[in-house]
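Colleague: Chains as they are written, first to last, in this note's numbering: chain A, 1168 to 1307; chain B, 141 to 249.
Watch out, some of these pointers could steer you wrong.
What the hints assert, rightly or not - Here are some of the chain A residues that sit facing chain B, going by a computed Cβ distance under 8 Å:
# : residue
1 : G1187
2 : R1208
3 : M1277
4 : G1278
What the hints assert, rightly or not - Below 25 Å or equal to it, Euclidean Cα-Cα: the simulated DSS-like pairs (lysine-lysine) are:
# : chain 1 : residue 1 : chain 2 : residue 2
5 : A       : K1195     : B       : K181
6 : B       : K181      : A       : K1209
7 : A       : K1195     : B       : K226
8 : A       : K1209     : B       : K226
9 : B       : K226      : A       : K1173
Treat the hints as calculated values from the structure; they're not laboratory data. Just so we're clear, the structure is a prediction, and the values are computed from it rather than from any experiment. Every residue gets a Cβ at the ideal spot worked out from N, C-alpha and C, and that includes glycine.
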Amino acid sequence: MNEAVKLHFLVDGEDFTSAGQASVQVKKSLRQLGISPEIIRKVSIAMYEGEINMVIHAGGGEADVVIYEDRIEIDLIDHGPGIANIDLAMQEGFSTAPDNIRSLGFGAGMGLPNMKRYTDSMKIDSELGKGTRILMTVNL
Amino acid sequence: MTVHEMAKTLELTPLSVTDGEREFSGVYIGDLLSWVMGRAKSDNVWITIMSNINIVAVASLADVACIILAEGVTVDENVRTTAEAKGINLYSSEKTAYELASMLARIDV
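Generate the whole structure from the sequences, applying the supplied hints.
Modeller: Next up, the structure:
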């Protein structure tokens, strides 16, 4: 693989039931590229959590996935309310998700921790009222 | 052991069986989807009472061998057809998660 493979997705913030489409598409693409199942699992779970977060908190957003020879980068950008306290948000069990989201089985406060757990590096830039950008890297 | 053999032994009701010959290994029980994604392992049997459409995506991304809905939980037809379309093995059972896990502990060697 000489040239990086780039994937771009719009994450629909309205439709909670279809959330995860971008992650499933990424999973398919990685499989076609012959990436190992464990890497595929890490990337797709991290991406799904990011997607769900954008739907729950930010009214959707955009996701860019770039597959290089030695790593996969996932860049998530939204224009939602931003994260007030990133350290707190990174703690397992902390969540600001509303009750209707919790009744669907989300909002356990595991989204960001899972994204960190399944990637080799994660950088969060967030500004209140402007939005959030999360860049994750999984090494190949 | 294959998912099909396990389902027969536990007398599960098949809702979507797309790869009954898949071998399973280990069990994970949980209803909080992010928790399941963080902790369940590939090829696990996943026992849950959560029945909304998102379980299909979670099962696919976490790469579990199958989902068992415990305690007689039912799913909407669109969940069943989505599971079929995404290649997810989905079963239901009247038994509790504990009863299912106890039986699985005896056969999962």
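Colleague: Are A:G1187 and chain B close enough, Cβ to Cβ, to be under 8 Å, as the hint says?
Modeller: holds, 4 Å
Colleague: Is the interface hint for A:R1208 satisfied, with its Cβ closer than 8 Å to some Cβ of chain B?
Modeller: It holds, given that the least Cβ distance between A:R1208 and chain B is near 6 Å, below 8 Å.
Colleague: Verify the proposed pairing of B:K226 with A:K1173, using a straight-line Cα cut of 25 Å.
Modeller: holds, 24 Å
Colleague: Does the alpha-carbon distance linking B:K181 and A:K1209 stay inside the 25 Å limit?
Modeller: Roughly 11 Å separates the two Cα atoms, so the pair holds.
Colleague: Can you confirm whether the C-alpha distance between A:K1195 and B:K181 stays at or below 25 Å?
Modeller: holds, 19 Å
Colleague: Grab the minimum C-beta distance from A:M1277 to chain B and call the hint holds if it beats 8 Å, violated otherwise.
Modeller: Holds, because the Cβ-Cβ distance from A:M1277 to chain B comes to roughly 4 Å (cut-off 8 Å).
Colleague: Should the hint that A:G1278 touches chain B count as held when the rule is a Cβ pair under 8 Å?
Modeller: With Cβ-Cβ at 6 Å, under 8 Å, it holds.
Colleague: Is the Cα-Cα distance between A:K1195 and B:K226 25 Å or less?
Modeller: Satisfied, since the Cα-Cα distance of roughly 11 Å is no more than 25 Å.
Colleague: Are the Cα atoms of A:K1209 and B:K226 separated by 25 Å or less?
Modeller: holds, 19 Å
In summary, this structure violates none of the numbered hints.
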